[in-house]
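As given, the protein sequences belong to chains H and B, one line each in that order.
Heads up, the first sequence is in my numbering, so the first residue is 8 and it goes up one at a time.
Heads up, the second sequence is in my numbering, so the first residue is 0 and it goes up one at a time.
Please note that a few of the clues may not be correct.
As the list claims (entries may be wrong) - Only part of the chain B face toward chain H is listed, based on derived beta-carbon distances under 10 Å:
(1) Ala258
(2) Gly265
(3) Arg266
(4) His276
(5) Lys277
(6) Phe282
(7) Ala288
(8) Ala295
(9) Arg297
(10) Val314
(11) His316
(12) Glu321
(13) Thr376
In short, the hints are calculated from the structure, not lab data.
Ideal Cβ placement from N, Cα and C applies to all residues, glycine included.
Single-letter residue listing:
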Amino acid sequence: MSTPSLADFADEARAFLDAHATPRASDGAVVWGEGPDRVTYFSDEPFEVEQANVQAARDWQRTRFENGFGWITGPKQYGGRELSIAHDLVYDGLEAGYDVPDTGVISLIGLGMIAPTMLAHARPEINEQYLPAMFRGDAIACQLFSEPNAGSDLANVQTKAVRDGDDWVLNGQKVWTSGAQHAQLGMAVCRTNTSVPKHKGITTFLIDMSWEGVDVRPLRQMSGGAEFNEVYLDDVRVPDTHRMGEVDDGWRVTMTTLLNERASVGGEGAGPATRPTSRANLLAMLKATGRDTDGGVRRDFARVIADQAATEYLTSQMMRRARAGDLPGPEASVGKLMFGQNLTRIAHLAAEMTGPRMLADTGDWGTFSWNELLLGTPAFRILGGTEEIMKNILGERVLGLPKEPA
Amino acid sequence: MSVVPEQISASDLADLRSSLRGLLTSASDEEAVRAVVESETGYDEKLYDRLATELGLHSLALPTPYGEGYGMEVLSVVLGELGRFVVPGPFFSTVVLAAGALVASGDQAAMEKHLPGIAAGSTVATLAVIEPDGHWRHEGFTVTAERSGDGWSLSGTKAIVPDLLSAGVVLVAASTPEGDALFAVDTATAGVERTALRTLDITRRIGRLDLDDASGTLVGAPGTLTDLLDAVLDRATTALAAEQVGGAEACLEMAVGYAKVREQFGRRIGSFQAVKHKCADMFARIELARAAATEAARAIDGRDDAPPAGEAAAVAHSVCSEAFMFVAMETIQVHGGIGFTWEHPAHLYFRRAKADQLMFGGPATYYERLLERLGVTNETSTK
Chain H
8 MSTPSLADFA DEARAFLDAH ATPRASDGAV VWGEGPDRVT YFSDEPFEVE
58 QANVQAARDW QRTRFENGFG WITGPKQYGG RELSIAHDLV YDGLEAGYDV
108 PDTGVISLIG LGMIAPTMLA HARPEINEQY LPAMFRGDAI ACQLFSEPNA
158 GSDLANVQTK AVRDGDDWVL NGQKVWTSGA QHAQLGMAVC RTNTSVPKHK
208 GITTFLIDMS WEGVDVRPLR QMSGGAEFNE VYLDDVRVPD THRMGEVDDG
258 WRVTMTTLLN ERASVGGEGA GPATRPTSRA NLLAMLKATG RDTDGGVRRD
308 FARVIADQAA TEYLTSQMMR RARAGDLPGP EASVGKLMFG QNLTRIAHLA
358 AEMTGPRMLA DTGDWGTFSW NELLLGTPAF RILGGTEEIM KNILGERVLG
408 LPKEPA
Chain B
0 MSVVPEQISA SDLADLRSSL RGLLTSASDE EAVRAVVESE TGYDEKLYDR
50 LATELGLHSL ALPTPYGEGY GMEVLSVVLG ELGRFVVPGP FFSTVVLAAG
100 ALVASGDQAA MEKHLPGIAA GSTVATLAVI EPDGHWRHEG FTVTAERSGD
150 GWSLSGTKAI VPDLLSAGVV LVAASTPEGD ALFAVDTATA GVERTALRTL
200 DITRRIGRLD LDDASGTLVG APGTLTDLLD AVLDRATTAL AAEQVGGAEA
250 CLEMAVGYAK VREQFGRRIG SFQAVKHKCA DMFARIELAR AAATEAARAI
300 DGRDDAPPAG EAAAVAHSVC SEAFMFVAME TIQVHGGIGF TWEHPAHLYF
350 RRAKADQLMF GGPATYYERL LERLGVTNET STK
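Construct all of the structure, not just a fragment, from the sequences and the given hints.
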């Protein structure tokens with residue numbers, strides 16, 4: 008089959024979406040006080056509710072996959088369509104007009120970052136085994152990267168991988184692992200050589216989270232929920248076939264993942280917090296709270312809205328260029344930086360508008376619920392690489408400033 | 000202008016940018032800028048003429064038959080480069096403010112009279128709005144105009160008029176018994192007194208205009224001035240945003256260039272995170288500003304997928320004004336003491352950044368304008 012034109016592909020996608028999803032109700036008019044009173048970025052739902060959401064995500068991803076929209080740009084041998092990024096963006100644009108489950112738990116890390124890494128560095132038979140399952144929604148993947156002593160300094164990982172015949176034996180502790188409680192697969196960054204500089208003694212493996220010795224323990228965040236985990240690896244036996252890249256060359260493999268991470272974070276919406284933090288909703292809130300007559304609040308409001316709008320322009324321009332085949336470089340991380348800063352400022356702006364009613368759950372719609380976002384904001388400057396690391400990257404890789412002397 | 004200008008390819012825009020940058024690199028380097036700001040007119044008239052006649056920059060975005068009919072995206076490239084080199088001269092006043100007002104008025108006779116000279120670079124023109132109270136407003140002017148014979152007679156003071164002394168014609172916003180209106184006043188006419196003022200931005204001259212029964216020609220119709228100035232302001236703040244981005248880029252390049260070579264404590268200062276992160280912050284603000292300026296230009300040009308022009312222009316003016324000021328300040332900080340000297344070019348940008356930020360009213364005004372464009376009216380104070 009030849010490559011469909013973007014127009015034909017759009018027709019096909021529309022037909023699929025019409026058959027399997029409901030068009031989103033007009034999102035133009037926001038009515039203050041109506042709709043779900045949630046401003047969630049990090050979920051604090053009970054585990055059962057969370058699991059139901061994950062199941063809905065899996066089901067929708069499977070439906071996409073079975074109809075040819077699960078991996079639009081992927082190789083055909085693994086169930087992809089081998090179409091362009093432009094096709095992918097066309098589909099995303101169309102799907103945004105429908106009410107479909109949020110598949111971030113599957114796509115952000117697993118499909119967005121680990122799958123590209125596997126394509127670049129894993130063996131064909133491993134890709135054969137896992138990639139179709141990942142894109143069918145059966146296998147969620149997580150990053151077993153950070154450790155108690157390897158956060159920003161990721162190359163300092165201490166989790167040991169020791170060769171034993173055709174296997175490797177892994178021992179160590181990972182932390183801040185998002186989604187590990189739902190994951191079937193993990194990409195583990197391990198120490199295989201201690202007699203060379205730290206970047207040169209790292210090897211990466213793909214592990215099955217159900218293997219003997221993998222222990223996932225939820226880590227409760229300051230926002231109340233437990234999306235992160237500690238993952239203990241205790242004599243986990245990993246066949247050498249599951250190694251990605253060469254022995255001791257895992258830093259390069261890890262960089263592949265992180266580059267995909269920085270490109271993808273920020274391009275995504277704010278999940279369930281998207282609607283409450285939208286300009287239309289904030290405008291409605293300004294009037295509903297009566298703060299539109301307060302000069303100080305008006306100024307704060309305008310500043311936040313200006314940056315939010317400019318960030319949207321930045322993102323849409325990046326998407327337009329990507330559609331034309333011009334993929335973003337490290338400068339794309341500005342989008343991530345701004346996305347986090349804007350959400351943080353919005354949370355504080357909402358608090359300013361709400362005032363003391365945010366102190367306690369009075370039952371008033373659109374007041375106490377902002378705590379969900381507020382308590383998540385400190386993470387925006389940390390996750391996916393701290394703000395400081397992002398600025399180092401901008402300074403060194405984009406502006407060409409000299410590195411810190413070793 | 001309801002005609003959507005032709006879309007120009009990214010590579011054509013890049014060509015325009017690089018040819019203009021080439022010309023300005025040799026014709027308007029720092030030494031040249033410093034020399035002309037000391038001159039009587041405050042700008043290089045030969046260069047101004049070359050920009051019009053050799054490169055055709057003045058006519059680029061004027062509507063046909065007076066110009067090429069290109070849009071704001073193209074004009075933004077020109078302003079970005081003029082901003083980058085802080086080129087002194089009345090290009091902005093003439094091509095953006097005055098020509099913008101003439102085109103927005105829809106007054107064919109006025110356009111026919113003034114646009115050919117503006118397009119050719121032979122007419123310098125400007126727009127006079129701000130009065131002694133210092134507010135940028137679109138109605139309720141203290142300068143008055145009354146019918147006098149076939150024409151009009153104007154009296155009153157415009158306190159801050161850019162490029163007034165080099166202008167041959169000034170468009171004056173005035174009150175009339177029939178409603179507010181715009182008038183074209185020949186600066187050589189009787190009853191016109193122009194006074195040069197000391198300025199914050201030494202690369203952009205400003206004068207005070209005193210009118211005492213000076214004769215003027217009505218542009219457009221009385222009672223339409225508020226809408227006209229709204230339209231002019233959207234275009235002008237969008238054009239200014241492009242200029243601000245150009246200036247900010249020049250600052251960041253200076254700061255980064257210096258941080259790469261300057262050594263203290265035995266290291267290049269750019270290797271210190273305190274300096275590196277400052278530069279990264281500057282870069283991030285510029286990326287955001289560029290996105291806002293670009294989107295506003297697309298909106299002014301009426302592109303299908305662009306936001307409403309009034310909104311995008313207000314966003315761009317706020318974001319780009321803040322960004323340029325921030326970057327200009329931090330550029331001096333990265334340079335340390337040398338950045339605070341008269342000999343260093345940083346102050347030219349610092350001055351320009353603050354002047355740009357205040358030109359159309361300043362932060363209090365532009366944030367309120369943004370809110371107004373988003374439908375949040377201000378019932379607590381008068382405009």
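Each hint tested on the structure:
| no. | hint | in the structure |
| --- | --- | --- |
| 1 | Ala258 | holds (6 Å) |
| 2 | Gly265 | holds (9 Å) |
| 3 | Arg266 | holds (6 Å) |
| 4 | His276 | holds (4 Å) |
| 5 | Lys277 | holds (9 Å) |
| 6 | Phe282 | holds (6 Å) |
| 7 | Ala288 | holds (7 Å) |
| 8 | Ala295 | holds (8 Å) |
| 9 | Arg297 | holds (9 Å) |
| 10 | Val314 | holds (4 Å) |
| 11 | His316 | holds (9 Å) |
| 12 | Glu321 | holds (8 Å) |
| 13 | Thr376 | holds (8 Å) |
Checked against the numbered hints given earlier, this structure breaks none of them.
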